[in-house]
Amino acid sequence: MKCNEVQRQLVALADRELSDQPGLAEHVQNCPACRGLLAALQADAALLRQEEEPVVPDGLAVRVMARVRSDSSGRGDMTRVRPRTRYRVPRPMVAAALVLAAVGLWLGAMLGRGIVGQSRYRRERAVVFVCGMSAGSPWDNMIGE
Amino acid sequence: MNQPEDAELVRQAQAGDLSAFDQLVLRHQAAVYRYLYRMTRNSGDAEELTQQAFVRAWQGLARFRGQASFRTWLFRIATNLCFNHLTRRRPFCDLPETLAADPAVEPDQLFRRKVQQTAIEAALARLPADQRSALIFSVYDQMSYAEVADAMGRSLASVNALLYRARMALRRHLAEARRKGLV
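Respectively, the protein sequence lines represent chains Z and C.
If you read the first sequence in the working numbering, its first letter stands for residue 8, the second for the next number, and so on.
If you read the second sequence in the working numbering, its first letter stands for residue 126, the second for the next number, and so on.
Keep in mind that the hints were calculated from the coordinates and are not lab data.
Since no wrong hints were added, every one of them can be taken at face value.
Label pairs and their computed distance ranges (CB to CB):
1. C:S168 - Z:A104: 48 to 56 Å
2. C:G141 - Z:G115: 53 to 61 Å
3. C:S194 - Z:K9: 32 to 40 Å
4. C:Q128 - Z:R42: 39 to 47 Å
5. Z:G66 - C:N209: 19 to 27 Å
6. Z:E12 - C:S168: 40 to 48 Å
7. C:N209 - Z:G119: 48 to 56 Å
8. C:L143 - Z:P39: 56 to 64 Å
9. C:Q234 - Z:E60: 12 to 20 Å
10. C:E130 - Z:A108: 47 to 55 Å
11. C:R304 - Z:E12: 23 to 31 Å
12. C:G141 - Z:A53: 42 to 50 Å
13. C:N205 - Z:L105: 28 to 36 Å
14. C:S194 - Z:G30: 31 to 39 Å
Owing to the predicted nature of the structure, the values given are computational and were not obtained by experimental measurement.
From the three backbone atoms N, C-alpha and C, an ideal C-beta is built for every residue, glycine too.
Could you put together the complete structure from these sequences and hints?
The following block contains the structure:
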């Protein structure tokens with residue numbers, strides 16, 4: 008076991024979370040650095056526990072209950088769980104609606120592309136026809152001849 | 126006479142018995158207040174958050190299924206409220222109390238104790254809120270890592286990592302205070 012692997016376990020060991028980890032006790036016994044770290048971690052926790060307990064204000068429980076009572080008097084039955092929303096739509100219906108919307112959009116796009124393509128074809132034919140009339144068509148030449 | 130277990134009081138409170146909830150408040154108010162005081166270092170904020178935590182607990186009692194203990198469930202409510210509070214408000218510490226004139230304690234001893242207390246508070250205050258919370262649960266409330274995980278709504282692995290970082294950072298801060306002769 009290496010020291011950096013042991014360090015994380017030392018914190019848990021100092022917090023009494025690990026009792027019998029294979030190889031850990033041997034490593035700590037034989038490694039002065041890790042033994043020192045474990046002692047320091049335990050000393051830190053002991054120092055924190057020396058801190059004075061915060062003084063709980065007098066009458067706190069009475070004030071808490073007064074607030075709970077004032078809250079419950081305006082709420083009616085406390086045991087009932089309120090639903091998150093008033094009107095809930097079942098999830099399968101939402102999914103079906105989304106699929107239908109997607110299919111509709113796709114069909115719309117395909118249909119739109121077809122119409123545009125067709126109109127472009129018609130426009131091109133019209134341009135060819137008009138240009139042919141003004142510039143003279145091969146038929147004109149044939150007639151002239 | 127044996128006191129009823131928390132689970133029994135919770136069942137009665139869920140059935141609408143306010144006096145059962147009153148007993149739960151009496152039983153846990155001090156621990157919740159102390160936790161919130163250590164997190165905020167302000168008695169007014171700690172009391173306000175304690176009151177809010179119990180009101181939320183009462184409101185949400187019907188949803189409590191007893192998978193965790195009532196205590197850790199209550200601490201989870203308090204933790205969420207506290208984290209929201211800390212992100213909204215700038216930290217504000219109480220003015221230091223005047224030194225109590227205890228004839229049994231020498232003035233220099235009293236002064237030294239106050240300096241140490243302030244150094245510990247400062248070391249804790251330098252930790253990020255989640256690390257501080259995990260450390261307070263573990264050191265002061267003597268919770269196991271599994272209980273800390275329940276109280277913070279985190280996984281066990283996450284609490285392990287959180288406490289490792291907290292203890293290492295605390296060690297650096299306290300080492301600094303030791304060098305300055307404060308602790």
